[in-house]
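2 protein chains.
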Amino acid sequence: MTADAELAAVPPAPILKDLTDENITENTVIINNQSRDRRLKYIMERLVTHLHEFARETRLTTDEWLTGIAFLVQCGKISSDVRHEFVLLSDVLGLSCLIDSMDHPKPKNATIATILGPFHAEAGEFENGDSICSDGKGEQCLIRASVKDTQGRPLEGVSVDIWETDSTGHYDTQYDGATADCRGIVKTDAEGQIWLKAIRPVPYPIPHDGPVGKMLEHLGRHPFRPSHVHFKLVKDGYDPLVTALYLKGDPYETTDAVFGVKSQLLIEIDRVTDPAMAARYGVNLNDWLIEYDFVICTEAEAAELKAESSRKYLAAKGLKLDLIDGLPVADLD
Amino acid sequence: MTADAELAAVPPAPILKDLTDENITENTVIINNQSRDRRLKYIMERLVTHLHEFARETRLTTDEWLTGIAFLVQCGKISSDVRHEFVLLSDVLGLSCLIDSMDHPKPKNATIATILGPFHAEAGEFENGDSICSDGKGEQCLIRASVKDTQGRPLEGVSVDIWETDSTGHYDTQYDGATADCRGIVKTDAEGQIWLKAIRPVPYPIPHDGPVGKMLEHLGRHPFRPSHVHFKLVKDGYDPLVTALYLKGDPYETTDAVFGVKSQLLIEIDRVTDPAMAARYGVNLNDWLIEYDFVICTEAEAAELKAESSRKYLAAKGLKLDLIDGLPVADLD
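Protein chains in written order, with the working numbering: chain A, 1 to 333; chain B, 1 to 333.
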């Protein structure tokens, strides 16, 4: 059907009346189906259905609903360019972990993704060998990493964006009048290598002085994340890899408040014990050392995996839906 | 089990690892189950389950997730003491209608409830015969109503809170430096009667200059509500009745943007044609006239109906849950 023919076929706004708790869902879906965007229609149909089922199954009261409304307002009020309370909420509810896994599946031999978190920010460009942390920010740690494709070939010119907290567990953006620190972007050399001076990561609580922190308290949950360094690897033609490396043995290794830790991303932090290495990288003997070999996959590899997992999931659920760009959409009326 | 014994039985924070899109839901539920509040646990379990299922079924992308996050932030940012964007969102998604129906079911012979809407505010107290609208706010309309119990007995001393827009379709709170207007509270007399001067209600759009308005636009939905007057009836021992009267024949009668209209609440607006009536109520011949007989039920009647509908719903879904204060709660671990 052409866009014009589709437009001509749109019925007048559907008629609603005598709404009850039993028919409100279908009526809401019908009125939302006036949209011309099949993807939006499908998303709204699923959103309204789940929202209503949630309310029905819990027999949600007006007071509880008001508590929820007030919570959402507070999350919005505390949000700013550097405070992302709704991202935090998504993180602590496991939604971010789920979206990342679905949207960026990786082949078995590629490095797994994990959550971006709310502290990614614009970073300066650095050269291999530079320090991304200003003096006094923590115990110096050499980060050495290689980046390869899934065939084992080193990749040159990959943009490697690294960010971490200082030794007090705060990101630069959490300070008033912040300037970029403990974050930086470096490009892999011809051998697919990067090396930078950073600091040993520490565990820290997610910002818990706001509504999400209060929610965790009510749930009996601690707000801590285990020590980690974030990485975002980007190269044209390759699926962006948002990931992090976690220190094995951290007290919060198995109870990360935002569900980011994965076995493949757990590393043993080491010391620089070889004087030749210390000299080569301009660091001190006994400085901390993090080494990792990243493997990134192509956009095509990721797209194929993603489409396959969508097909599998929808088939398993018995959902027969048209796909546009690999995403399920509402039926044509 | 006593509270102390329950506390002693709490296991240490559960261990999570290797989170995938397949196991993130059960892991999130397990970690939330550290809460000691059985009602909160049940609500969170249902919330996380539906949130994750929504993301899975839609194969929600990172970009779509970011759009959702930005939308929620905007709803929070525009919210204020007089702008309730999340209430509006709940209204246009049919959630408010559902919550009201579930939380305040009414016996068949009682007046049905409808949504409160985001414009209820503190109002002054008036005497029968007063005008709740200042001059020039619209075409004068006499409102006469009786309030009875479900046995047909007139109820004295019921607080009747009435609010409506002016003839331009705006509530007082939508004006800068607002003072209360077109809203007021009056008590029923010994015969269970109230009468006030107000204005003829008009259709109006819900505030649609914010994120919720943008959403309606994307959905091809208009933002209009049919002409109506809000009522909130309160008396000790009786279930509060939040309702509204809608004008039959309004252009938006069958497509209310917030799903408030119900057949029982549709009325024919009339004219004062009897000179004796005009004289008695101090209004002009041909002024508009709204008359209605409200019936409110007791708290006990409402509580019984509510518990019964919960039981029926949970049984139909095959959910075997403990109830506390009539509300389903999580199992004891």
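Any given hint might turn out to be false.
Calculated cross-link-like contacts (lysine to any residue; reagent style SDA-like; alpha-carbon spacing at most 25 Å) [claimed, not checked]:
(1) Lys306(B) with Glu64(A)
(2) Lys232(B) with Ile69(A)
(3) Lys197(B) with Asn286(B)
(4) Lys187(B) with Ser309(B)
(5) Lys77(B) with Asp63(A)
(6) Lys17(A) with Asp81(B)
(7) Lys306(A) with Ala70(A)
(8) Lys235(B) with Thr61(A)
(9) Lys306(A) with Arg221(B)
(10) Lys312(B) with Phe54(A)
(11) Lys77(B) with Ala70(A)
(12) Lys317(B) with Glu45(A)
(13) Lys108(B) with Asp274(A)
(14) Lys232(B) with Pro207(A)
(15) Lys248(A) with Lys214(A)
(16) Lys77(B) with Val82(A)
(17) Lys77(A) with Lys235(B)
(18) Lys108(A) with Asp274(A)
(19) Lys232(B) with Glu217(B)
(20) Lys248(A) with Lys17(B)
(21) Lys17(B) with Pro207(A)
(22) Lys17(A) with Lys77(B)
(23) Lys17(A) with Pro107(B)
(24) Lys17(B) with Asp270(A)
(25) Lys312(A) with Asn286(B)
(26) Lys17(B) with Pro251(A)
(27) Lys17(B) with Ala70(A)
Everything labelled a hint here was simulated from the structure, so no lab data went into it.
Hints, verified against the model:
Between Lys306(B) and Glu64(A) the CA atoms are separated by roughly 16 Å; this keeps the pair inside 25 Å, and the hint holds. Between Lys232(B) and Ile69(A) the alpha-carbon distance is near 21 Å, which keeps this suggested pair within the 25 Å criterion. Taking the CA atoms of Lys197(B) and Asn286(B), the gap is about 13 Å. The hint holds against a cut of 25 Å. This hinted pair does not check out: Lys187(B) and Ser309(B) have alpha carbons roughly 32 Å apart, beyond 25 Å.
The hinted pair formed by Lys77(B) and Asp63(A) meets the criterion: a straight-line CA distance of about 23 Å does not exceed 25 Å. The hinted pair formed by Lys17(A) and Asp81(B) fails the criterion: a straight-line CA distance of about 31 Å is larger than 25 Å. Proximity of Lys306(A) to Ala70(A) is assessed by CA-CA distance (about 37 Å); at most 25 Å being required, the pair is judged violated. Among the hinted pairs, Lys235(B) with Thr61(A) is consistent with the structure: their alpha-carbon atoms are about 20 Å apart, no more than 25 Å.
Only pairs whose Cα atoms come within 25 Å are accepted, and Lys306(A) paired with Arg221(B) is rejected, the gap being roughly 33 Å. Simply put, Lys312(B) and Phe54(A) have alpha-carbon atoms about 16 Å apart, close enough for the 25 Å limit, and the pair holds. Between Lys77(B) and Ala70(A) the alpha-carbon distance is near 13 Å, which keeps this suggested pair within the 25 Å criterion. Under the criterion of a C-alpha separation no larger than 25 Å, the hint pairing Lys317(B) with Glu45(A) is consistent with the structure, at around 21 Å.
Distance check on the hinted pair: Lys108(B) and Asp274(A) sit about 85 Å apart at the alpha-carbon level, beyond 25 Å; violated. Using a Cα cut-off of 25 Å, the hinted pair Lys232(B) and Pro207(A) is violated, with the two alpha carbons roughly 41 Å apart. Between Lys248(A) and Lys214(A) the alpha-carbon distance is near 29 Å, which puts this suggested pair outside the 25 Å criterion. Distance restraint check for Lys77(B) and Val82(A): the Cα-Cα separation of roughly 15 Å lies within the 25 Å cut-off, and the hinted pair is therefore satisfied.
For the suggested pair Lys77(A) and Lys235(B), the alpha carbons sit about 36 Å apart, so the restraint of at most 25 Å is broken. For the hint linking Lys108(A) to Asp274(A), the alpha-carbon distance of about 33 Å lies beyond 25 Å, and the restraint is violated. Only pairs whose Cα atoms come within 25 Å are accepted, and Lys232(B) paired with Glu217(B) is rejected, the gap being roughly 31 Å. At roughly 12 Å between alpha-carbon atoms, Lys248(A) and Lys17(B) fall within 25 Å of each other, so this suggested pair holds.
For a cut-off of 25 Å, the pair hint linking Lys17(B) to Pro207(A) stands: about 22 Å separates their Cα positions. Proposed proximity of Lys17(A) and Lys77(B) is contradicted: the alpha carbons are some 33 Å apart, above 25 Å. As the CA atoms of Lys17(A) and Pro107(B) are separated by approximately 19 Å, the hinted pair is consistent with the 25 Å bound. Straight-line distance between C-alpha atoms of Lys17(B) and Asp270(A) comes to about 22 Å, which keeps the hinted pair within the 25 Å bound.
Distance hint between Lys312(A) and Asn286(B) is unfulfilled; the C-alpha atoms sit about 68 Å from each other, more than 25 Å. For the hint linking Lys17(B) to Pro251(A), the alpha-carbon distance of about 14 Å falls within 25 Å, and the restraint holds. Distance hint between Lys17(B) and Ala70(A) is unfulfilled; the C-alpha atoms sit about 33 Å from each other, more than 25 Å.
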